[in-house]
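**Student:** Using the sequences and the hints given, assemble the complete structure.
Protein chains: 2
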Amino acid sequence: MNYTVENILNHRSIRKFKAEKLTKDQIHTIVKAAQQASTSSHVMAYTIIGITDENLKAELSAVSGQPYVKDNGHLFVFCGDLNRVYQQASREEQLQMQESMESTEQFIVTTIDAALAAQNASIAAESMGLGICFIGSLRNDITQVSNLLGLPERVIPLFGLAVGYPDQQPEIKPRLPLEVIYHVNEYKNEEKQQTLITDFDDQLTSYYQNRSNNTRKDTWTKQMIRKYSHPIRMDVKPFIKDKKFNNR
Amino acid sequence: MNYTVENILNHRSIRKFKAEKLTKDQIHTIVKAAQQASTSSHVMAYTIIGITDENLKAELSAVSGQPYVKDNGHLFVFCGDLNRVYQQASREEQLQMQESMESTEQFIVTTIDAALAAQNASIAAESMGLGICFIGSLRNDITQVSNLLGLPERVIPLFGLAVGYPDQQPEIKPRLPLEVIYHVNEYKNEEKQQTLITDFDDQLTSYYQNRSNNTRKDTWTKQMIRKYSHPIRMDVKPFIKDKKFNNR
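Protein sequences appear in the order of chains A and B.
Residues in the first sequence are numbered consecutively from 84, following the numbering used here.
Residues in the second sequence are numbered consecutively from 84, following the numbering used here.
Be a bit skeptical, because a hint or two may be false.
The list treats identical chains as interchangeable, and a pair is accepted whether it falls inside one copy or across any two copies.
Unchecked claim - List of simulated lysine-lysine pairs, DSBU-like, C-alpha gap at most 35 Å:
| # | residue 1 | residue 2 |
| --- | --- | --- |
| 1 | LYS275 | LYS99 |
| 2 | LYS275 | LYS115 |
| 3 | LYS271 | LYS140 |
| 4 | LYS275 | LYS107 |
| 5 | LYS99 | LYS140 |
| 6 | LYS275 | LYS310 |
| 7 | LYS271 | LYS107 |
| 8 | LYS275 | LYS305 |
| 9 | LYS300 | LYS101 |
| 10 | LYS275 | LYS104 |
| 11 | LYS115 | LYS99 |
| 12 | LYS153 | LYS275 |
| 13 | LYS305 | LYS256 |
| 14 | LYS140 | LYS107 |
| 15 | LYS271 | LYS320 |
| 16 | LYS101 | LYS327 |
| 17 | LYS256 | LYS327 |
| 18 | LYS324 | LYS101 |
| 19 | LYS104 | LYS256 |
Hints in this document: simulated from the structure, not taken from any laboratory.
**Tutor:** Written out as structure tokens, the structure is:
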């Protein structure tokens with residue numbers, strides 16, 4: 084197994100960082116790595132905002148409810164962005180582009196483009212001895228995040244990425260068995276999956292009971308059912324619509 | 084610069100592969116790498132379908148219009164999947180979970196989860212000397228792809244990933260300048276961006292004229308305006324809605 088694959092398989096999210104900040108060189112290497120990810124039709128439909136202002140970090144941390152959004156080596160916010168292309172066009176061209184830009188198809192393009200770039204950033208950072216954590220909880224108040232960053236129409240905050248020198252060494256969190264995630268030629272919706280997931284529930288119970296921090300008694304299945312029984316972030320849809328995404 | 088970052092910066096999409104198939108070991112390493120990506124709240128909201136059936140590959144290739152969807156070392160299709168969690172629940176719990184599962188928020192979670200996994204798969208494959216190409220064009224007929232793979236409600240095909248031994252060595256395609264993609268503390272929508280994009284247009288014109296294959300005269304700006312002037316895949320929205328995503 085080569086170093087890159089080892090590095091990927093060694094991933095665990097880091098939620099406690101040392102105070103040391105990333106250098107400009109480190110930040111630029113991470114951003115260049117992000118930019119080299121595949122992008123649909125060369126659109127590069129995203130913008131990455133680096134947060135250095137400590138007050139701004141504190142406000143974003145308050146939205147997310149997570150201290151590591153404030154206390155880290157560097158914070159990136161990944162935004163879907165079709166505004167860049169839109170601004171290149173004449174008024175007449177803009178009118179012609181609206182239907183396409185507001186389609187769910189282009190919303191998917193934007194979201195995937197940003198995520199591919201962010202995962203490249205993560206792998207690059209981890210290969211440099213840094214730790215990372217994705218911050219979906221910036222969507223706890225997506226309007227507030229958008230206002231804090233001054234995002235215009237056709238730009239939406241998707242998630243944050245906290246990076247820094249790890250100040251903890253958590254265990255690697257187990258993943259569902261390969262056979263549950265990976266199917267061949269057709270979708271498998273069989274009884275066998277249930278057995279494998281039950282085994283995984285047992286494995287996760289043992290992981291939660293034995294890990295060094297935040298031990299608890301839980302299974303994946305129970306967690307998921309609890310999670311989806313309480314709708315969250317129902318304001319995301321109207322927010323995104325107002326930003327001229329996902330309308331058609 | 085370490086090997087992993089070098090590997091990431093060296094990315095170019097490969098659209099012509101040698102006939103050699105990936106081994107089961109290679110496929111499993113790639114899938115395990117995919118699975119180790121970050122996932123929102125541990126949901127792992129995706130399924131990866133590997134395509135080995137040659138007839139099925141030919142049909143998917145016809146949807147995409149691309150020969151390399153058929154002729155490659157292996158083809159993966161990445162699907163957003165909340166069905167796995169749904170099937171774990173009782174009928175009563177399922178009813179309670181519907182509002183959350185059908186939210187735009189969870190559609191974003193699903194899409195990002197799948198994309199993070201896919202980018203890990205890509206980096207792992209490239210580190211193993213393989214080439215990759217993302218296949219967004221499977222969404223040319225998303226209903227047909229869904230039918231071919233037997234996807235139930237709450238599972239949607241998002242994109243393919245062709246992997247194999249490269250039978251071409253294309254130039255690395257330029258990316259927008261770092262300053263255009265990377266902003267600090269707030270979104271920059273300034274005149275300066277326009278100048279940088281104009282420079283990039285010149286750079287791309289030269290790239291298109293000098294590359295070894297498929298030379299043409301074009302700029303990024305012209306390409307983008309052409310692309311967005313013609314809406315495509317407007318059936319994606321109703322398809323996804325029918326599959327119980329992105330409704331609320």
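**Student:** Against this structure, judge whether each hint is valid.
**Tutor:** Verification of the supplied hints:
{"no.": "1", "hint": "LYS275 - LYS99", "verdict": "neither (39 Å within a copy, 37 Å between copies)"}
{"no.": "2", "hint": "LYS275 - LYS115", "verdict": "between (43 Å within a copy, 20 Å between copies)"}
{"no.": "3", "hint": "LYS271 - LYS140", "verdict": "between (44 Å within a copy, 18 Å between copies)"}
{"no.": "4", "hint": "LYS275 - LYS107", "verdict": "between (50 Å within a copy, 21 Å between copies)"}
{"no.": "5", "hint": "LYS99 - LYS140", "verdict": "within (15 Å within a copy, 45 Å between copies)"}
{"no.": "6", "hint": "LYS275 - LYS310", "verdict": "within (24 Å within a copy, 45 Å between copies)"}
{"no.": "7", "hint": "LYS271 - LYS107", "verdict": "between (47 Å within a copy, 19 Å between copies)"}
{"no.": "8", "hint": "LYS275 - LYS305", "verdict": "within (19 Å within a copy, 52 Å between copies)"}
{"no.": "9", "hint": "LYS300 - LYS101", "verdict": "within (30 Å within a copy, 50 Å between copies)"}
{"no.": "10", "hint": "LYS275 - LYS104", "verdict": "between (48 Å within a copy, 28 Å between copies)"}
{"no.": "11", "hint": "LYS115 - LYS99", "verdict": "both (25 Å within a copy, 26 Å between copies)"}
{"no.": "12", "hint": "LYS153 - LYS275", "verdict": "between (44 Å within a copy, 30 Å between copies)"}
{"no.": "13", "hint": "LYS305 - LYS256", "verdict": "within (17 Å within a copy, 46 Å between copies)"}
{"no.": "14", "hint": "LYS140 - LYS107", "verdict": "within (18 Å within a copy, 45 Å between copies)"}
{"no.": "15", "hint": "LYS271 - LYS320", "verdict": "both (31 Å within a copy, 25 Å between copies)"}
{"no.": "16", "hint": "LYS101 - LYS327", "verdict": "neither (39 Å within a copy, 43 Å between copies)"}
{"no.": "17", "hint": "LYS256 - LYS327", "verdict": "between (37 Å within a copy, 29 Å between copies)"}
{"no.": "18", "hint": "LYS324 - LYS101", "verdict": "neither (39 Å within a copy, 44 Å between copies)"}
{"no.": "19", "hint": "LYS104 - LYS256", "verdict": "both (27 Å within a copy, 32 Å between copies)"}
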